[in-house]
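Respectively, the protein sequence lines represent chains G and D.
Positions in the first sequence are counted from 1; adding 52 to them yields the working numbering.
Positions in the second sequence are counted from 1; adding 52 to them yields the working numbering.
Read the hints as simulated data drawn from the structure, not as lab findings.
It cannot be assumed that every hint is accurate.
One copy or any two copies: either way a pair holds, since identical chains are not told apart in the list.
Unchecked claim - Dumping the calculated BS3-like pairs for lysine-lysine here, alpha-carbon to alpha-carbon at most 30 Å:
#1 K277 / K88
#2 K149 / K305
#3 K149 / K88
#4 K176 / K149
#5 K277 / K305
#6 K149 / K277
#7 K176 / K277
#8 K151 / K305
#9 K151 / K88
#10 K88 / K305
#11 K151 / K277
Nothing here was measured: the structure is a model prediction, and the numbers come from that model.
There are 2 protein chains.
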Amino acid sequence: MTERLGPPLGAPLFDRLALIGVGLIGSSIARAARRKNLARVIAIADAAAEARERAVALTLGDEVVADPAEAAAGADLVILCVPVGADAAVARRIAPKLKAGAIVSDVGSVKGAVIAAVGPHLPKGVDLVPAHPVAGTEQSGPDAGFATLFVNRWCILTPTEGVDPAAVAKVRAFWEALGSNVEVMNAAHHDLVLAITSHVPHLIAYNIVGTAADLEDSTRSEVIKFSAGGFRDFTRIAASDPTMWRDVFLNNKGAVLEALGRFSEDLTALQRMIRRGDGDGLHALFTRTRAIRRGIVELGQETAAPDFGRRKGEDDNGNA
Amino acid sequence: MTERLGPPLGAPLFDRLALIGVGLIGSSIARAARRKNLARVIAIADAAAEARERAVALTLGDEVVADPAEAAAGADLVILCVPVGADAAVARRIAPKLKAGAIVSDVGSVKGAVIAAVGPHLPKGVDLVPAHPVAGTEQSGPDAGFATLFVNRWCILTPTEGVDPAAVAKVRAFWEALGSNVEVMNAAHHDLVLAITSHVPHLIAYNIVGTAADLEDSTRSEVIKFSAGGFRDFTRIAASDPTMWRDVFLNNKGAVLEALGRFSEDLTALQRMIRRGDGDGLHALFTRTRAIRRGIVELGQETAAPDFGRRKGEDDNGNA
């Protein structure tokens, strides 16, 4: 591997890009990589016939196959875009076909478990550069993807020690070309931070929507009817892909349970404030939380429009 | 009070409308009532000089005063648009100035406590018709309002027994003219349902954002940075008005603690599934919750666009 940091002008960054799995993330990468001319050949593998059919219909890749090994054969960059629980099996399958100097990456929301699952299967001369694009929607499947999904979103790389810096640089260049801001950190730290910013929020959303789903029919239909009071916000992330999220929780157990412990302690304190009628305590907390959103909007990670801009175009704020 | 259900053609529904408080909701009512010609005179009272200045600058009303009694004097409909905890004091203040046949209403998110706080102060011949428009944004103040806030949203009326049906009909007609769908139920039932659809979701959001706010500086800045993973959704409702929400929790204590109890039980069960690695249980729950969102979208209470349509116009979904 040479030291050059970028491709020659005009040539794609990679000759052959293999995407294993063509759901929301895989199909978004395919669209964006094509638009940005990041690979001469895009090879897609998906185990589901329906996903392959859609990938062909949407012309997401140059090759669309069922067998991940076939897509990965001879690829310069292989990105695993499957639920984290499937990574080990895919790695075992593709390993014999990987060419020397190939880079294997992924898009999983947990990183420690991915390194443990994938790393041992890879042959010498192949570098693992795990990646987590912090981007997505509640929808899934090839049709849900779009080329700008990663624009102005963070992509976190968690290479282990000893990985070729040139491989890390190439993966960084790839994600930057997709519009992302790239950050490098170690996998354990990633898993702790994301437990708080992503995994526990999903868990809480799944839980509150689950509580509602378990209500008797008449009450449940009222909850759906009057959901604009706040509940409907939670249903968005609780509509996320069940398999992907099952695998996240099973593979980041320690950090999730730790973050959940903090959440529960704080909730108990909040519950006590309500029971005791501690208005000052409630007001102080609700004022502090307001500031956090301002920080997110200022960093460009959220729209400043009220209500997520849901009603954009319907009315001009400020006009009677 | 006569039996006619609507105003004569062309005449406003009310002669004098008084809005006590001109925050997000009060100012939205003012804008919508003006646009729909629902009152000949709109009188606004707000204790805050800054809010009054903005109300004047935005020409939200015909009269803008500090004293609620002055605005309410001679009004046909008085709507309390202040935090629930301020209702009793306002009611006591305006009571001597209310004319016979006047209707007093409100917009509070709890109803039992409002009836208890306001009802005893009202003179004979004045009807109380409590209302809760299930609509809002995370923003507050006169500038945050907009005329279409209530369009296609529910407004729940909770009149007590013995209230003049004609008064209820007039308040219903008012909200329907603002574009809302109106439902009538008893206050206790309202407070239970809204505890689940609105109060506990807000509490949970405040709590998780509060947990993040309490992290050490370096971790907190990472949580903000990587918030697109799910956390930022919660920050929206945790940016809601602190005084309004303090009052909601203090005034719907019983139902909130009951709903929170269910939530916590379910969360404990979910936590156990993760600890034990029960992938099937997690997958089954995550599949059930997906259906709830479909129901909300089908009822027209939520956008079908992915990610709340946050990135509307940025890219066409489905186009590579």
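Against the structure, the hints:
Taking the closest pair of Cα atoms, K277 and K88 come within 30 Å of each other only across two copies (26 Å); inside a single copy the shortest separation is 44 Å, beyond that limit. When the C-alpha separation of K149 and K305 is checked against a cutoff of 30 Å, the pair qualifies neither within a copy, at 32 Å, nor between copies, at 63 Å. Taking the closest pair of Cα atoms, K149 and K88 come within 30 Å of each other only inside a single copy of the chain (27 Å); across copies the shortest separation is 70 Å, beyond that limit. Taking the shortest Cα distances, K176 and K149 sit within 30 Å of each other inside one copy (13 Å), while across copies they are farther apart (87 Å).
Only between protomers do K277 and K305 lie at most 30 Å apart by alpha-carbon distance; the minimum there is 23 Å, versus 35 Å within a single protomer. Taking identical chains as interchangeable, the C-alpha atoms of K149 and K277 are never at most 30 Å apart, the minima being 53 Å within one chain and 38 Å between chains. For the homomeric pair K176 and K277, neither the shortest alpha-carbon distance inside one copy (57 Å) nor that between copies (35 Å) is at most 30 Å. Taking identical chains as interchangeable, the C-alpha atoms of K151 and K305 are never at most 30 Å apart, the minima being 34 Å within one chain and 64 Å between chains.
Only within a single protomer do K151 and K88 lie at most 30 Å apart by alpha-carbon distance; the minimum there is 24 Å, versus 70 Å between protomers. When the C-alpha separation of K88 and K305 is checked against a cutoff of 30 Å, the pair qualifies neither within a copy, at 37 Å, nor between copies, at 55 Å. Taking the shortest alpha-carbon separations for K151 and K277, neither the intra-copy value of 56 Å nor the inter-copy value of 36 Å comes in at or below 30 Å.
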